[in-house]
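If you read the sequences in order, they're chains L and E.
Using this note's numbering, the first residue of the first sequence is number 1, and each one after it goes up by one.
Using this note's numbering, the first residue of the second sequence is number 1, and each one after it goes up by one.
To be clear, the hints were calculated from the coordinates, so they are not data collected in a lab.
Built from N, CA and C at the ideal position, the CB exists for glycine as well.
Check each hint, because a few of them may be wrong.
As the list claims (entries may be wrong) - Reference excerpt, derived from the structure (chain E facing chain L, CB under 7 Å, subset only):
| hint | residue |
| --- | --- |
| 1 | Leu335 |
| 2 | Lys341 |
| 3 | Glu472 |
What the hints assert, rightly or not - Taking lysine-lysine and the DSS-like style, the derived pairs with C-alpha atoms no more than 27 Å apart in a straight line are:
| hint | chain 1 | residue 1 | chain 2 | residue 2 |
| --- | --- | --- | --- | --- |
| 4 | E | Lys28 | E | Lys183 |
| 5 | E | Lys172 | E | Lys69 |
| 6 | E | Lys494 | E | Lys523 |
| 7 | E | Lys195 | E | Lys28 |
| 8 | E | Lys494 | E | Lys555 |
| 9 | E | Lys424 | E | Lys392 |
| 10 | E | Lys460 | L | Lys44 |
| 11 | E | Lys341 | L | Lys6 |
| 12 | L | Lys6 | E | Lys427 |
| 13 | L | Lys44 | E | Lys527 |
| 14 | E | Lys28 | E | Lys172 |
| 15 | E | Lys566 | E | Lys494 |
| 16 | E | Lys324 | E | Lys69 |
| 17 | E | Lys324 | E | Lys254 |
| 18 | E | Lys562 | E | Lys577 |
| 19 | E | Lys468 | L | Lys51 |
| 20 | E | Lys341 | E | Lys392 |
| 21 | E | Lys427 | E | Lys367 |
| 22 | E | Lys195 | E | Lys47 |
| 23 | E | Lys548 | L | Lys44 |
| 24 | E | Lys308 | L | Lys6 |
| 25 | L | Lys6 | E | Lys307 |
| 26 | L | Lys6 | E | Lys345 |
| 27 | E | Lys69 | E | Lys245 |
| 28 | E | Lys424 | L | Lys6 |
| 29 | E | Lys424 | E | Lys408 |
| 30 | L | Lys44 | E | Lys530 |
| 31 | E | Lys386 | E | Lys408 |
| 32 | L | Lys6 | E | Lys367 |
| 33 | E | Lys69 | E | Lys408 |
| 34 | E | Lys468 | L | Lys44 |
| 35 | E | Lys516 | E | Lys530 |
To be verified - The calculated label-pair distances, taken between Cβ atoms and stated as ranges, are:
| hint | chain 1 | residue 1 | chain 2 | residue 2 | range |
| --- | --- | --- | --- | --- | --- |
| 36 | E | Ala447 | L | Ala26 | 19 to 27 Å |
| 37 | E | Leu546 | L | Ser48 | 24 to 32 Å |
| 38 | L | Val30 | E | Ser439 | 17 to 25 Å |
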Amino acid sequence: MAPPAKAITSPVPDAWYPTLAVFMLAIGLVLTASFFIYEATSSKRNRSLAKELTTGGVASVFLGFGSLFLLLSAGVYV
Amino acid sequence: MEISRFGLLVFTIAILASPALSDLVLSKVDRRIYLTSQIVRISSTLKVENAGSEMVSEVLLAFPELQAKNLAYLMAAQHEGKGKAKNSVVALSVEVASPKDMPPALTFYSVSLPKGLAEGDSFTFDVLAVYTHALQPIPEQITQADIQLVVYQESAYYLSPYVVRVQSLSIKLPDSRIESYTKLENTKIHGSEIKYGPYENLPTFSYSPIVVHFESNQPFAVAQELVREIEVSHWGNVQVTEHYKLVHGGARSKGEFSRLDFQARPNLRGASAFRYLVANLPPRAHSVYYRDEIGNISTSYLWGDSKKTELLIEPRYPMFGGWKTAFTIGYGLPLQDFLYKSEGKRFLNITFSTPMVELIIDTLIVKVVLPEGSSDISVSAPFPVKQWQETKISHLDIDGRPVVVLEKTNVVPEHNQYFQVYYKFNKLSMLREPLMLISGFFFLFVACIVYMHADISISKSSASYLAKQQWEEVQGAIQQVQNIMSRCLTTHDKLEASLRDLSRTGDVQACKAARKAADGLLKELSKELKPLLTFLHSSPSAAQILPKVEELVAKERELQEKVMAKHSTVVDGYEKKSGARDIENRVALQQQKLTALRQEVDNLLEFIDEI
Numbered sequence: 001m002a003p004p005a006k007a008i009t010s011p012v013p014d015a016w017y018p019t020l021a022v023f024m025l026a027i028g029l030v031l032t033a034s035f036f037i038y039e040a041t042s043s044k045r046n047r048s049l050a051k052e053l054t055t056g057g058v059a060s061v062f063l064g065f066g067s068l069f070l071l072l073s074a075g076v077y078v
Numbered sequence: 001m002e003i004s005r006f007g008l009l010v011f012t013i014a015i016l017a018s019p020a021l022s023d024l025v026l027s028k029v030d031r032r033i034y035l036t037s038q039i040v041r042i043s044s045t046l047k048v049e050n051a052g053s054e055m056v057s058e059v060l061l062a063f064p065e066l067q068a069k070n071l072a073y074l075m076a077a078q079h080e081g082k083g084k085a086k087n088s089v090v091a092l093s094v095e096v097a098s099p100k101d102m103p104p105a106l107t108f109y110s111v112s113l114p115k116g117l118a119e120g121d122s123f124t125f126d127v128l129a130v131y132t133h134a135l136q137p138i139p140e141q142i143t144q145a146d147i148q149l150v151v152y153q154e155s156a157y158y159l160s161p162y163v164v165r166v167q168s169l170s171i172k173l174p175d176s177r178i179e180s181y182t183k184l185e186n187t188k189i190h191g192s193e194i195k196y197g198p199y200e201n202l203p204t205f206s207y208s209p210i211v212v213h214f215e216s217n218q219p220f221a222v223a224q225e226l227v228r229e230i231e232v233s234h235w236g237n238v239q240v241t242e243h244y245k246l247v248h249g250g251a252r253s254k255g256e257f258s259r260l261d262f263q264a265r266p267n268l269r270g271a272s273a274f275r276y277l278v279a280n281l282p283p284r285a286h287s288v289y290y291r292d293e294i295g296n297i298s299t300s301y302l303w304g305d306s307k308k309t310e311l312l313i314e315p316r317y318p319m320f321g322g323w324k325t326a327f328t329i330g331y332g333l334p335l336q337d338f339l340y341k342s343e344g345k346r347f348l349n350i351t352f353s354t355p356m357v358e359l360i361i362d363t364l365i366v367k368v369v370l371p372e373g374s375s376d377i378s379v380s381a382p383f384p385v386k387q388w389q390e391t392k393i394s395h396l397d398i399d400g401r402p403v404v405v406l407e408k409t410n411v412v413p414e415h416n417q418y419f420q421v422y423y424k425f426n427k428l429s430m431l432r433e434p435l436m437l438i439s440g441f442f443f444l445f446v447a448c449i450v451y452m453h454a455d456i457s458i459s460k461s462s463a464s465y466l467a468k469q470q471w472e473e474v475q476g477a478i479q480q481v482q483n484i485m486s487r488c489l490t491t492h493d494k495l496e497a498s499l500r501d502l503s504r505t506g507d508v509q510a511c512k513a514a515r516k517a518a519d520g521l522l523k524e525l526s527k528e529l530k531p532l533l534t535f536l537h538s539s540p541s542a543a544q545i546l547p548k549v550e551e552l553v554a555k556e557r558e559l560q561e562k563v564m565a566k567h568s569t570v571v572d573g574y575e576k577k578s579g580a581r582d583i584e585n586r587v588a589l590q591q592q593k594l595t596a597l598r599q600e601v602d603n604l605l606e607f608i609d610e611i
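With the sequences and hints as input, model every part of the structure.
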């Protein structure tokens, strides 16, 4: 093996996966809750599409990364 | 002196006898045959000497056809002598050769010497040949109580296209119990070791068959097929999954099997069986599992330290001759131990074969599953393998992961060397999986939004539908009214704040400016409010709530007036330079009313909110 070869590590240390999963999923679920509360309480006419999309988008980013880290911490290396 | 003179004579004969070959002579051949396991290893030390005048750079090794077909591994290395470290061995390249004028029943390999041998030069090197399925069980079928006897055939003389001056052979057996062996001159037996030779000055292609029939109760574990899947995840793991199809390759078991006898006296009733297998996994292996076809109801043990992880597995039944079992083991390895980067390419550096101890593999298939998005894949293996590419669809994949498949037959533990799979990978491709999850969740939200926005009632003209439609409109209007009201209240709060600033800084101009801004804003808000109120008046569904809304609007207006009045009073007071106490007294009454009104407005807002 060539000496200049450098070991590749994962971008996030393995030990952080469970913590990251918990926190990101918690934030994601709170945002999801706020999204659905907004959907249910605001009347059809006053609903702003931009607000819905931003809340949904941010929530899905957190839920997406949260579930990825959940999978990784459970041993399903994607 | 006697020997050397005789040697010279033979040497002359040899030159005459084989003019086609180079004038090499093997001045010393030392062979050691290890029959201590099911894998036959022949380690030979050859000393070649150039007796001719031409330079020679290649030495031929001959194998009879019977042996050649069982030959799994052949390696030649410069002889280092005893006592020296083994890791400094220089391997010599070995290739299949087909020289002319040679008997067709022989297979030849040529060993390239590091430098050409001039006249009279000599060179010593070691050859290790490893054979599989070279031990033949005789009798072919045994009962549970029998021991396993195997036969091994070899030549007492080193088969070579060169003249051999001095040679000796030693055969190491697993046990001192020997059924029979061929006796030649100079045969000695010493415990579990048989020695033939030394023999001197034998011509080319000397052959004298010997047969050893001996007891061998070593595990004859043969994997008919082993599929190793190595899956690389850049998120920090190399997952290895190995599917074994194992058979006991020794003498076939006949008669019936008694578990009771086996449990009671395993050494007598089941000597030929093996009950466990040991695998030496790499250090820091984690998530190790072992299961067979129907799950894990068998036993396994795992030890580990910083140098290795050792796994011992027991199949569900002891393995007797001809019995088969299929099982799977899997383990995860830390990425940084096996994946490296050099010159813009990434490469996986991992062992080729099984971690199992002393296992013969008939067909080994190694699948390296690279992450999705890898390109420019190439493999560098220390020995020839058949290779092709596949794709595998796994977790969160779109177009599948590239898989490099390597196939090799007749694999022995000596093949457990490192091989490399080089590939190119863009770091951004790692975001594929999270992006997929994110888009999945996002589509869910979008679906909700669409559902909430879409009008999916079937009859658009029914009374209830229209009523609902109207009620929604009213709701919308009321929400807007609420919104305007709350903005009004914020403006009031701002005015109050400006008054507080005034009392602190005494800046009348700033306070007046704030008043002006608030006036403008409130005017605009009341303009906005007008159409909403007319709509509510016209709408029949709003009849219930209308009085409350009107009350709210009226109260708010009153509040507004009072706030303005208070503001004017205070500002006037400041302009006239009245004392702070004076102003406070004048405002006190207004302030009381204000608080009461504010309370009422808040109550009304809450009430409307509940509807």
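Each hint tested on the structure:
Checking Leu335 (chain E) against chain L by beta carbon gives a least distance of about 6 Å; that is within 7 Å, so the hint holds. For Lys341 (chain E), the shortest C-beta to C-beta distance to chain L is roughly 5 Å, which falls under 7 Å, so the interface hint holds. For Glu472 (chain E), the shortest C-beta to C-beta distance to chain L is roughly 5 Å, which falls under 7 Å, so the interface hint holds. With a C-alpha separation of about 22 Å, the suggested pair Lys28 (chain E) and Lys183 (chain E) falls inside the 27 Å cut-off, and the hint holds.
Between Lys172 (chain E) and Lys69 (chain E) the alpha-carbon distance is near 22 Å, which keeps this suggested pair within the 27 Å criterion. Of the pairs offered as hints, the one joining Lys494 (chain E) and Lys523 (chain E) holds, with about 15 Å between alpha carbons and a cut-off of 27 Å not exceeded. Between Lys195 (chain E) and Lys28 (chain E) the alpha-carbon distance is near 16 Å, which keeps this suggested pair within the 27 Å criterion. For a cut-off of 27 Å, the pair hint linking Lys494 (chain E) to Lys555 (chain E) stands: about 19 Å separates their Cα positions.
A hinted pair counts as satisfied when its Cα atoms are at most 27 Å apart, and Lys424 (chain E) with Lys392 (chain E) qualifies at roughly 18 Å. Of the supplied pair hints, the one linking Lys460 (chain E) and Lys44 (chain L) holds, its CA atoms being roughly 17 Å apart against a limit of 27 Å. Note on Lys341 (chain E) and Lys6 (chain L): the hinted pairing holds, with a Cα-Cα distance of about 5 Å set against a maximum of 27 Å. For a cut-off of 27 Å, the pair hint linking Lys6 (chain L) to Lys427 (chain E) stands: about 15 Å separates their Cα positions.
Under the criterion of a C-alpha separation no larger than 27 Å, the hint pairing Lys44 (chain L) with Lys527 (chain E) is consistent with the structure, at around 23 Å. Restraint check for Lys28 (chain E) and Lys172 (chain E): satisfied, since their Cα atoms lie roughly 20 Å apart, inside the 27 Å limit. Using a Cα cut-off of 27 Å, the hinted pair Lys566 (chain E) and Lys494 (chain E) holds, with the two alpha carbons roughly 13 Å apart. A distance of roughly 24 Å separates the Cα atoms of Lys324 (chain E) and Lys69 (chain E); the hinted pair therefore holds under the 27 Å criterion.
Of the pairs offered as hints, the one joining Lys324 (chain E) and Lys254 (chain E) holds, with about 14 Å between alpha carbons and a cut-off of 27 Å not exceeded. Restraint check for Lys562 (chain E) and Lys577 (chain E): satisfied, since their Cα atoms lie roughly 22 Å apart, inside the 27 Å limit. Simply put, Lys468 (chain E) and Lys51 (chain L) have alpha-carbon atoms about 25 Å apart, close enough for the 27 Å limit, and the pair holds. Taking the CA atoms of Lys341 (chain E) and Lys392 (chain E), the gap is about 24 Å. The hint holds against a cut of 27 Å.
Pair hint Lys427 (chain E) plus Lys367 (chain E) holds up; C-alpha atoms about 23 Å apart against a cutoff of 27 Å. Restraint check: the Cα-Cα separation between Lys195 (chain E) and Lys47 (chain E) comes to about 20 Å, which is no more than 27 Å; the hinted pair holds. Between the alpha carbons of Lys548 (chain E) and Lys44 (chain L) the distance comes to roughly 22 Å, so the proposed pair stays at or under 27 Å and holds. Under the criterion of a C-alpha separation no larger than 27 Å, the hint pairing Lys308 (chain E) with Lys6 (chain L) is consistent with the structure, at around 22 Å.
Of the pairs offered as hints, the one joining Lys6 (chain L) and Lys307 (chain E) holds, with about 21 Å between alpha carbons and a cut-off of 27 Å not exceeded. About 11 Å separates the Cα atoms of Lys6 (chain L) and Lys345 (chain E), which keeps this hinted pair within 27 Å; it holds. At most 27 Å may separate the alpha-carbon atoms for a hinted pair to count; Lys69 (chain E) and Lys245 (chain E) meet this at roughly 22 Å. Restraint check for Lys424 (chain E) and Lys6 (chain L): satisfied, since their Cα atoms lie roughly 15 Å apart, inside the 27 Å limit.
With a C-alpha separation of about 25 Å, the suggested pair Lys424 (chain E) and Lys408 (chain E) falls inside the 27 Å cut-off, and the hint holds. With a CA separation close to 21 Å, the supplied pair Lys44 (chain L) and Lys530 (chain E) stays within the 27 Å bound. Under the criterion of a C-alpha separation no larger than 27 Å, the hint pairing Lys386 (chain E) with Lys408 (chain E) is consistent with the structure, at around 6 Å. Between Lys6 (chain L) and Lys367 (chain E), the direct Cα distance comes to roughly 24 Å. Compliance with the 27 Å bound is thereby established for this hinted pair.
Restraint check for Lys69 (chain E) and Lys408 (chain E): the C-alpha separation of about 15 Å stays at or below 27 Å, so the hint holds. Of the pairs offered as hints, the one joining Lys468 (chain E) and Lys44 (chain L) holds, with about 12 Å between alpha carbons and a cut-off of 27 Å not exceeded. Using a Cα cut-off of 27 Å, the hinted pair Lys516 (chain E) and Lys530 (chain E) holds, with the two alpha carbons roughly 22 Å apart. The hint said 19 to 27 Å for the Cβ distance between Ala447 (chain E) and Ala26 (chain L), and at roughly 23 Å that hint holds.
Separation of Leu546 (chain E) from Ser48 (chain L) is about 26 Å and conforms to the stated range, judged on CB atoms against 24 to 32 Å. Between Val30 (chain L) and Ser439 (chain E), the C-beta spacing of about 21 Å keeps the proposed range 17 to 25 Å intact.
The structure agrees with every numbered hint stated previously.
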